[in-house]
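Starting from the known structure of chain A, fit chain B onto it as the hints suggest.
Heads up: the protein sequence lines correspond to chains A and B, in order.
Start counting the first sequence at 1; every next residue gets the next number (this note's numbering).
Start counting the second sequence at 1; every next residue gets the next number (this note's numbering).
Errors might be hidden in some of the hints.
In this list, chains with the same sequence are indistinguishable; a pair is considered to hold if it fits within one copy or across any two.
As the list claims (entries may be wrong) - Calculated lysine-lysine pairs in the PhoX-like style (CA-CA distance at most 20 Å, straight line):
| no. | residue 1 | residue 2 |
| --- | --- | --- |
| 1 | 497 | 156 |
| 2 | 429 | 338 |
| 3 | 426 | 17 |
| 4 | 390 | 313 |
| 5 | 497 | 390 |
| 6 | 307 | 429 |
| 7 | 497 | 426 |
| 8 | 338 | 313 |
| 9 | 307 | 411 |
| 10 | 390 | 403 |
| 11 | 341 | 426 |
| 12 | 307 | 341 |
| 13 | 278 | 37 |
| 14 | 390 | 411 |
| 15 | 341 | 313 |
In case anyone wonders, no lab produced these hints; they're calculated from the structure.
2 protein chains.
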Amino acid sequence: MQYIEKWDVFEVAIPGKKDGNPFMDYNIRGTFQKEDKVITVDGFYDGDGIYKVRFMPSEEGRYIYRIEGSFAESVTEGEFLVRNADSYHNHGCVRVFNETQLAYEDGTPYISIGTTCYAWVHQSMELQEQTLETLRSSVFNKIRFCIFPKFYDFNKREPITYPYMRGNGEGIDENLVKKDEKDRIIYPGMEPPAIDFNFNYYWFNPEHFRRFDMRIRQLRDMGIEADIILMHPYDRWGLNMMNRECCDAYIRYVMARFSAYRNVWWSLANEYDIIVTKTIGDWERYAQIICEKDPYHHMRSIHNCLKFYDYSKTWITHCSMQRIDYYRHVEYTDEYIKQYKKPVVWDEIGYEGNIHVGWGNLPAQELIRRFWEAFLRGGCAGHGETYLDKNDILWWSHGGILKGESSERLKFLKKIWQEVPGNYLKVGKGIFDEVVGVVESANDGSNYSNYEIHYFGIGQPAFRMLYFSEGEEYEVDVIDTWNMTITCMGRCKGTVKIELPQRQYMAIRLKRIKLV
Amino acid sequence: MQYIEKWDVFEVAIPGKKDGNPFMDYNIRGTFQKEDKVITVDGFYDGDGIYKVRFMPSEEGRYIYRIEGSFAESVTEGEFLVRNADSYHNHGCVRVFNETQLAYEDGTPYISIGTTCYAWVHQSMELQEQTLETLRSSVFNKIRFCIFPKFYDFNKREPITYPYMRGNGEGIDENLVKKDEKDRIIYPGMEPPAIDFNFNYYWFNPEHFRRFDMRIRQLRDMGIEADIILMHPYDRWGLNMMNRECCDAYIRYVMARFSAYRNVWWSLANEYDIIVTKTIGDWERYAQIICEKDPYHHMRSIHNCLKFYDYSKTWITHCSMQRIDYYRHVEYTDEYIKQYKKPVVWDEIGYEGNIHVGWGNLPAQELIRRFWEAFLRGGCAGHGETYLDKNDILWWSHGGILKGESSERLKFLKKIWQEVPGNYLKVGKGIFDEVVGVVESANDGSNYSNYEIHYFGIGQPAFRMLYFSEGEEYEVDVIDTWNMTITCMGRCKGTVKIELPQRQYMAIRLKRIKLV
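Pulled out of the complex, with its shape left as it was, chain A reads as follows (with noise of 0.2 Å):
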């Protein structure tokens, strides 16, 4: 019998009708079944003659199934067993914890170190496989990027494939590409695309779609979640025009297709608000197909660009934010939480590097501080590069290298992260301006019975004086965020004057000690 690992995807294969539209005109769906429980999934077309179907166990032991649909005359049965999950990334999904925080399934904690390259499937192979490499060895752990193909600012390449075929499957001719010569984004109801690609939105191209599965996967098995997003408004190929019928469809197949994948993400849309052909509605449909269509419930949220969604929307488990001010933004993690009583991921607070636009020309000294600011109070965020290449090359949307120096600060910031017992901090008060994270009573089984960092931002303080009450002994930790050190001042009780390097980017890290 077949065995899998809880949390991968077991998946079916079968040969089924080909004669008209497959993806449109027939249906496929599995029922999977262990005692008294049973899920039932869909399936979907994935060309040449073949229908699938995924599903992802969450419990050991044996399942059996069930494949029907009108795709194939016949009902397909079988079982499988489950194991244990024991690969080093296997934890399961993402999950809200404790309301407000983010685990892992399996308890283990999720520290999100997010970044951004949005249309790096859409990119050379050899670029794509630049970009797992530069993943590899990286510190990120979800990665946010679009099926569609991105049209902007230096994204005028057209993408490897498309999403959609011509006709009745036929691919798209390279002449009308090379033909076009215009720079532009289509909004609604303005024109038809720049080119009559003559797409037919009811059929899918599996190629598109199976390069994203090797992606998912890719990712999946180094322990990096997939942040997927379905819909964005950097369009010059009509897929913002599509209509209401190819939508939905388009939402079915991308659930049917990757719900099975533990990492994946659901974005609905990079800059919902932009997306001028949509309606709150819309975004509303799409989100009751979601939740109706993915039977593991993952993480759902939709970006914003200039308003945020309503997050308190019960289908959003996550506030996936931009920010909407250009000065403060991070610095209201701790009032978000507490507004929506969900975990807050700055998907966007800017990026490094040094190309024309303000959100996208940080100092990496900002983006760290920007970083750090969203952990302290209780949040995460989320990294990009945007530094100018000769090849137009930017790690934001096409992958590839890392020039900047944030990435390795990320590093630092996720070690200091690992460190705070529970792996959580909400906001305290800082008496001298600077913004604390506090847990105020570490349950497990630490040595501390109170944690605090206090970090200085943007100051350059010379010294900071702590007072600790009768009977209090703490050790004291001196951190450099920017140069990434740590200074261990001993033990301190009383009155202590802590010396610091009058720089930027510094922090202050108390450990009380349990008094046995």
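Okay, now just chain B, sitting in the frame of chain A:
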């Protein structure tokens, strides 16, 4: 006949009654007349049996005057001539101009670059002289300081004089001061002063106020506005526990004594909202006394700590603001200008320095950035330095010398500001997240019909695209606000790519050439 310059002080000193408490028991007033214009001002007792009346004429020509009151049996009359204000720094009082701007009375633009040395006039005479020397070669044309001494961190030394005497004009017993060991600020109704100074709050110390006369005159002759703080919270001498009668008498004494200096501004309080002994009713009453007793209507405001005063009050000429948010403040300048329809003067936006508190450990770069933000949005800002010093001499409170890097950059800012047609920018719309200050139509006879400064702040763009309309031609300069360089890029039209050095704090200045 005596001659004085317009906007200088005409002073009459007359011996008078010395029995009882001359500060309270007798009055003196002067009536000054030119043609049909009559102004009456209060005089004041200056000790040693001498009463004084001061008057600032604002017109050229012959004035007659009459001094009278209960201080003497007889009336004194006389006349004097007022000639043109031809001293280098004599432009009259600073006034509100065009609703939200500042200018001197003679129409000269007032480009406000302020600084703060709260307690400089309470330091040793040598240190005060050094402060004046520093100011002489600095860019500052406004300084904030307190009449009452200051007790606070780094401010634990007693002042060289007190504003009040004991008993019937006796001085302070030096031994009393030496005995005191307590570091504490006197808050409301809490307790009496740390030392029983036994001040008679009805009996001013003329020596104290004479020194302020001298310093205000010296500042005036250097072209520096004296932003005089009447009350503040940092008290150990019971000055915030004076009764209403004494407070009102103090305000009247200050008006009679200092109003005739053209360079005074009235700051009713520093951090009014943490002087818990005062109510809004008290501040409003002081304001009323000031409006009545200052016939020249000097600039009037009140400075906050955590909560702005209601700047819409008609007696307030300008918003004297301290940031109420740690992260975003000067970036609201244009919004406050719009809200209050008054000039916005950021008197406290943090200081360059390295002390333990967030407001006092900014890098110079950040302080300069804040000045530029305020300037580009139509406001102005104030400087301060808080570098640790082995003798606890910090510019922000004690004066002395400047150690930082910001004051030189403020000279550069002033130069750029002076070059702006009309010396005033309104905020414009930046398309790439930059802040833009704009002169929409320069009417001052300059060669430019449109003038813009685009400032990139903490961003580090490597280039910037400019898109000019058909027929437009601009002179373009790249400004490095930190390194203080201006690089002329020549005349530009059409679409232009401007290379930038990928450094923070850069700006681009665009001057549209008038077509003849």
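Contradicted hints - numbers only: 3, 4, 7, 9, 13, 14
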